[in-house]
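Q: From just these sequences and the hints, can you work out the full model?
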Amino acid sequence: MNFCEIEPSEFDVGIVGSGAAGGIAAKELCERGAKVCVLEIGEWKDPSKVFRSHAWPFELPYHGFRDEYTEGLYGDPAIFRYSSVGSDPAPYVILPAVGGKTLLWAAHSWRFGRRDFRLRALQGIGEDWPIGYQDLAPYYDRAEEFMGVCGRRDSLEVIPDGRFLPPLEFRCGELQVGRALSKLGPQFKMISTRKAVNTMAHGGRPQCHFCGHCSRGCDVDAKYTSANAAIPAALRTGRCTLVTGALAKAILLDSTGNRARDIVFIEVKSGRERRVRCRAVALACGPVESARLLLLSTSKWFPQGLGNRSGEVGKNLQTTINLGTSGYLKSLVGGRVVNDDGTDAYHGTIPNPYYEKPHAKFPNGYLINVGSGTQLGYGGQLDFVSAVPGFGRQYKKNLRATFPALVTLGCQGQTLASPTNYVDLDPALRDGFGLPAIRMHYRLGESELAMVDDMRKVMRAILEAAGGVVTSSDRSGGIDYSHYVGTCRMGIDPERSVLNPYCQSHDVKNLFVVDGSSFPTYPEKNPTETVIAVAMRAAEHLAEELRKGNI
Amino acid sequence: MERSANGEKPRKTGTTCVITRRELLRWLGFAAVGGCALSSREIFAQAPRLVRRLRKNGSATAGFFTPEQKKTIATLCDLILPADSDSPGAREAGVPDFIDRLIKVSEGATQEVWTKGLADLEQFAQKSHGSSFATLEGAQQERVLSALAENEFHPHSALESFFVEAKRLIAMGYYTSEAGLRKDLKFQGNTYLAQSPRCAEPAR
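Respectively, the protein sequence lines represent chains A and B.
With the working numbering applied, the first sequence corresponds to residues 887 to 1437, in that order.
With the working numbering applied, the second sequence corresponds to residues 5 to 208, in that order.
Don't read these hints as lab results, they were simulated from the structure.
Here the structure is a predicted model, which is why all the values come from computation and not from measurement.
Computed cross-link-like contacts, DSS-like style, restricted to lysine-lysine with a CA-CA straight-line distance of at most 30 Å:
# : chain 1 : residue 1 : chain 2 : residue 2
1 : A       : K1283     : B       : K75
2 : A       : K1283     : B       : K74
3 : A       : K921      : A       : K1434
4 : B       : K108      : A       : K935
A: Below you can see the structure in the form of structure tokens.
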């Protein structure tokens, strides 16, 4: 198809972004009869050619220490320029490709708990979601069925059960940690980590072969990505036009200023400007880029950005904070070396122990992932070489004996929305495409710092209760660049929110933002399964509105 | 979608690539009924070809250190992770070359740590034993390192900090080498498993 041939067409929906939200929205809309155009800044990546997941470290020039495993996948920082200010500068990362960051995600898939939607009502902080768990439950069901999520029905309120493929098994170290948790209290329980990974063949994709390299890209597509499931499903309907190498730069309104009409985009290879006309527009670029696109789309009706009459676009930026501790279990030292690879890093998770009763010093919750054995998936396992003393023959023998006993704990904690945390447009810096660059503003609050302190103490207590020795612990909490949410929050009040409960703009009825931008408050759990459930619900509503002629 | 009916190939040069549904499905190997073209095992077997391409690119990289500095690094490798009856040592495993390549592309501050550290080590060897570090006898070299390693968990000087860093990088380089990872540690992973690993040993 000649590229400029799409210009005279009018699509029912123009979707910007083909990641977790965009892919699902395209599938849902196309399956309901909508003619959809998906604009994606990146290109297709062929998993069997592009992913280096099975490369041995010694086959790479720097043994993997210069990110050779994922080289060429993340956006070139020289082009995707941005600025980051505040006392805890937040990183920004884009994966420009069909499927976005789902290509390299570790696929942890959790439902939010009932309480996670009602932080304000229960604890007086943040904003409540205008919908509850019961509104999303049917979409969680469908999301899990479509993605293929492995797990066990654990009957825990903090992490509601769903429909699962067979659960991952525990390695010996994980088992030992799990058994020791009762020493810390009944609120500490380890469950099988739930992941969108095929522990059996599902959705036309093969069973996982447990090589432990999910985060380097799954070369057999046993892990769910938007590129191996959602986008192909959309394309199979015959109603989806996927345009790659297309950078959306503005949404234009019609002459009344009430309706979005065109998406203006740049052809990445040629620099030429194009536009596509749509009855409705759905943004799915991720919370940072979706907010930027709205802020870039100024007009006389929306001088402070499209759909931004509330002034909330870009605000309420939240993510998770990560802190890890590694060590080894004394009873496993000198044990037999077996293949402990499974799926990337963690097979056990301790859900938020403060879900029922928040900690006295901070309202934030966090979960603790548990990984053990000789698997090298995360690379950080090798840090133990610095924790074993001495040098020479005995040092070498000691390292060899310690290797099968390794264990890693990874905390992932909630952050609260704060006026200090938001994204806007940098007034001076331009990115490689000549557009005003993203400017991240971030500062960790007192409660986040108190939580990080607790994480460190609790991880040490867990390892010691399990008969372990701590060999290293992260010095400070890391801001997770893959979990940003909240920049176009949903709510009932148009003066204090950007979107209604269906992710529809309060200000422009045919404009939707279907990615994690809509989350008002965000717990400690990975966002993607909820992003997919929310996008499914929003797409279903949009399709219905189109069918009725309301949009 | 009417456009795909003529089976037009996607244009890849000069224009944005708009992929027709038919081309895409063929490329991904998804049959209309949703099957997979290649089994996991077949795809896994293709992975070495990609890696061979990478290896060719990597070996041409030049190094950072002078021959004298490299000799000192090789000596450190021999001392910190020597060859034994179980496996080759860090020097035999190519760790000096690995460090040379890695430091070449590292930040200036990292390069400075190594340049200064090696110089400080030389100075220390001269002062305590009257000779350059690489030419000392084995026992003397071990005494030098033992002195530096005494405070390895709370280094007091720049040289003690350098010992910590040299030990770390030598060990990281060794245990990601074929000799270190597969021969010494006997790493069993990075392969094709039919089911998830699980604990076979009884709880202790």
